Amino acid sequence: MRLRIRAIQLRVKTASILCGADLHFDDGLVILRADNSSGKSTVVQSMIYALGLEGMLSASHNVPLPHVMTDSIDIGTEKMQVLESGVAVEVENAAGQIATVFRPVKSTQNKNLVTVADGSCLTADGSLLKRVDYYVREGGAAVNERGFHHWFSKFLGWSLPKVGRIDGTECPLYMECLFPLMIIEQKRGWSAIQARMPFHYRIRDVAKKSVEFLLALDVYELAMRRQKLKEESVGLRSEWTRGAARIAEIARSINAVVQNLDTNSPAIWSPEELPVILVSSDGNWLPFGEVVRGDFDALRELEETEIPRVERVAQEVEAALHSTENELAECDFAAAELFNEVENERQQIGNLDERLAALEEDERRNKDVMKLRRMGSVATSETAHGRCPTCHQQVSDALLPQDERREPMTAEENLKFIRSQIDTFSTIKEAATASLIAKQRHLDSMRLKVAELRGRIRSLRQTLVTEGSQPSVEAIEQRLRFRDKVNNARRVEELIATEFEALRGVGLRWKRNQDALAVLPKGDVTERDQQKLRRLREIFVGEVQQFGLRSVEPASLRISEENYRPEHDGFDLEFDISASDMIRTIWAYLNGLLELSREFSTNHLGLLVLDEPKQQETNRVSFRELFRRVESARNHKQQVIIATSEDESTLLPLLAGVTHQYISCVGQIVQPLPVEPQPNLHVSQDTAVDDEGDEGEMIWEERARSAVEQALESMDFDAENHVIRFTGFNEETLVADSREKLGRLLRSVASDAWYAYVPFDGGEAVFDCDESSIVEDAIGPFERRIEEFFLPSNDEE
Amino acid sequence: MKHLEDLTGAPFRFAARPIAIPPDLRPLWRLTILVLFLQRCCRQGKSSLKKLHVLNWAIRHPASRQTLLDVLEGRARPDRAIVRFDPAFNRALDLAKGEKLVEQVSGDRFQLTAKGQLVAEEAMKDEECMTSEKWFMSQIASQVTEAKINKLLGAVS
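Listed in order, the protein sequences are those of chains A and B.
797 is the number that our numbering gives the last residue of the first sequence; the numbers go up by one with no jumps.
157 is the number that our numbering gives the last residue of the second sequence; the numbers go up by one with no jumps.
Calculated from the structure, these hints are not laboratory results.
Here the structure is a predicted model, which is why all the values come from computation and not from measurement.
Warning: the hint list may mix true and false statements.
What the hints assert, rightly or not - With a cut-off of at most 20 angstroms between alpha-carbon atoms, the simulated PhoX-like pairs for lysine-lysine come out as follows: (1) A:Lys228 with A:Lys511; (2) A:Lys367 with B:Lys134; (3) B:Lys50 with B:Lys151; (4) B:Lys125 with B:Lys50; (5) B:Lys50 with B:Lys97; (6) A:Lys230 with A:Lys511; (7) A:Lys449 with A:Lys439; (8) B:Lys100 with B:Lys46; (9) B:Lys46 with B:Lys151; (10) B:Lys134 with A:Lys371; (11) B:Lys125 with A:Lys371; (12) A:Lys429 with A:Lys439; (13) A:Lys371 with B:Lys115; (14) A:Lys367 with B:Lys125; (15) B:Lys115 with B:Lys125.
Stated by the list, open to error - Covered stretches of chain B, as calculated for chain A (at least 3 residues, CB under 8 angstroms): (16) 92 to 102; (17) 135 to 148.
What the hints assert, rightly or not - Sample of chain A residues with no beta-carbon within 12 angstroms of chain B, all distances over it, derived: (18) Ala320; (19) Asn414; (20) Glu567.
For glycine and all other residues, C-beta sits at the position ideal for the given N, C-alpha and C.
The task is simple: from the sequences and hints, build the whole structure.
And the structure:
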């Protein structure tokens, strides 16, 4: 991964002149020297702004650039209003691809629209390159196809992970959170390591997360995987619960209960503990399958025998009637008994509920007591310490008579005690509920049986009163009853089988999921991560030694595994060291990250931009050592840009013997430019595309303007017919017979060209065309001739 | 005892285990409830002992809470529960006086002190603390006047 800033360009247009700055940067150490308040920081800030990263400086949507880019510029003694301004940077990635990014600062167009040219425009002529517009600083800029940071992260080869926010939602780890480790701006960047983290994105642990990503620590990957697996397991669990609920529903419909099925958590069933559906049959609980088969066999047997004539079975029928009547009486009695039991059980569960509610209230109050004890105004009281506020003697922690000899439990013990009671009663309640359900099903099936017996008695009686030669009604009805029952049971059996199969699948997936979770390394920091952090510490300690850290013994410094920042005795360094040592620490840490990326695969971009690193009057020796240290960046195709306002006379000796590119600016960095590239009214289309003077102009603006200009150039003044002929945007010939008509036609040319190039969003142009001002601007030089041409004709009429 | 020691082969003694206490018998809980009563349900943080006792009786159980609400709204059942005076509450009042959370003014009237006010405010700030108690107080706050309390007690005794 790599980002190299090849060049930066600033442009400021005033009413009369064009100002700007063009800086080209090499690999390795680049020194940008300029006097104080000469615009050195403008360059660094423009770099941040051009890449749409100003969110790393503040949440504000104002342009974070000095007034020279936004308001007014001093030329000599004169103050000039800035009419238009823009910045551009040319960047290169690890694959050697080059792109140029243009962004308007002060402009009539949206400053959040960034134009990316597919190649080099600042160090070479890029007028023919393809250009695409992207958005920054607006919703979705990091994830949408049209978002600039989406493009930029692809260009860099970064795949930004999703991170959790404080409110529980997710968002990408925005680039604005990563660049503060590579670009340090002067104003507040030097107060601490990661002093300028954009907390306004409300990303949880943003400072830590950004270092993790930049160092490509496994912990990141692991956390993501763990999170994903956990989400999956939640999904599986609810799938399981739904499936189990469906099975319970089916069981209810046939007055059955389900056994060995945990409805709450997925499981893989062992062969001896397969879940079974039990139905109550004649007072016994039998597996549903068995009952179905029994009924099926009985039906088969029945169907194989002939339906008997009444005369042949009269006696048997009478006997059967008698025994059935007896059975009914028994059944009725048993059902009444069972009904009482069910009611009893229900009553008991009601009592348990009451008891549990009371316990829960107790639990809550106990917690309240513990909370109260921690409250500031209470914590200091005598009572909180178990002492009498009047006599200061020990008193027991209960509002009972104090001569009560037994010691009360502490609130914590009491809470545990209550919880264990809640546990016990909940378990009892669960068991009672399960038994209640079973009894209810039993009762229901008994009632069915009663109904069945009554039906049977009816048909037996009917059989007895029918003519002797008729077939037995009872026998026929019995067959019908059985067939119905068997068919029904078959359907239910099938349904249950499919549901169980589905559950088995969920169980297997659950097992795989749990296994995968179990093999994830327990600790957060893997061996490879530790290697990286150890090496980072070595580099860091070496550096602070080289830079002359005094406040603490360099060898005693560690890199925290908690937040990956240097610490001393388990505390963030910031508390222990002097201000100038703080600066040394920041140098060492940032450059440490850069150097680490030479040995390990990380997501560091191999770029470091330090604006005014010599803060707090860090001494010159240290400064020289910084140069010496970062000089090596060149050998690794990395880039370190240091902007400083140090006097040339002191700076140059410090740089002696250090390979570097030296850019020194005398006076203001943003200077009036030679007039030549300024876009004027007669430029052809080719030069209009040239970015030198027009970096603030979008392609559709250029096209609209040049289309109007070409139309004007092509004007043919036909004096005979009093008309002007000219070529429109689509090569059509347009004819104007008055000044108004000409204006109207030109405006349509402008809008034709505009809408041919402007991006559309949901069927609507993102920017509307201001054709009047385009035409007015362009028509200037021709105005007189046109006026004169149409004038005589008006006279004649 | 000797037998036991022979059996276990180690010295043997009985120790009284601490007993469980209902949380509303904890001094801190009751002190906080007391200052909350005075702050939320009493004008100018002043109340008679009687009223405090009634509030204290009501707040401890859901059923008594409902009874008090019914009485205040004129829907009292004739067979409603009887207000009981809780000796533990008197101890809590003594503690509160000792802690200077309340002071006794003119006989049986109590007044919230500045320190008590502070405790009440802090307890109110923590939204997860004493939620149902606070909710109950907010329900009765404007209605529970001394006159109504007297009526309630008069009707019972």
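Against the structure, the hints come out as follows:
no.: 1; hint: A:Lys228 with A:Lys511; verdict: 15 angstroms, holds
no.: 2; hint: A:Lys367 with B:Lys134; verdict: 15 angstroms, holds
no.: 3; hint: B:Lys50 with B:Lys151; verdict: 12 angstroms, holds
no.: 4; hint: B:Lys125 with B:Lys50; verdict: 28 angstroms, violated
no.: 5; hint: B:Lys50 with B:Lys97; verdict: 17 angstroms, holds
no.: 6; hint: A:Lys230 with A:Lys511; verdict: 13 angstroms, holds
no.: 7; hint: A:Lys449 with A:Lys439; verdict: 15 angstroms, holds
no.: 8; hint: B:Lys100 with B:Lys46; verdict: 15 angstroms, holds
no.: 9; hint: B:Lys46 with B:Lys151; verdict: 19 angstroms, holds
no.: 10; hint: B:Lys134 with A:Lys371; verdict: 15 angstroms, holds
no.: 11; hint: B:Lys125 with A:Lys371; verdict: 12 angstroms, holds
no.: 12; hint: A:Lys429 with A:Lys439; verdict: 15 angstroms, holds
no.: 13; hint: A:Lys371 with B:Lys115; verdict: 18 angstroms, holds
no.: 14; hint: A:Lys367 with B:Lys125; verdict: 16 angstroms, holds
no.: 15; hint: B:Lys115 with B:Lys125; verdict: 16 angstroms, holds
no.: 16; hint: 92 to 102; verdict: holds (count 5)
no.: 17; hint: 135 to 148; verdict: violated (count 0)
no.: 18; hint: Ala320; verdict: 57 angstroms, holds
no.: 19; hint: Asn414; verdict: 6 angstroms, violated
no.: 20; hint: Glu567; verdict: 34 angstroms, holds
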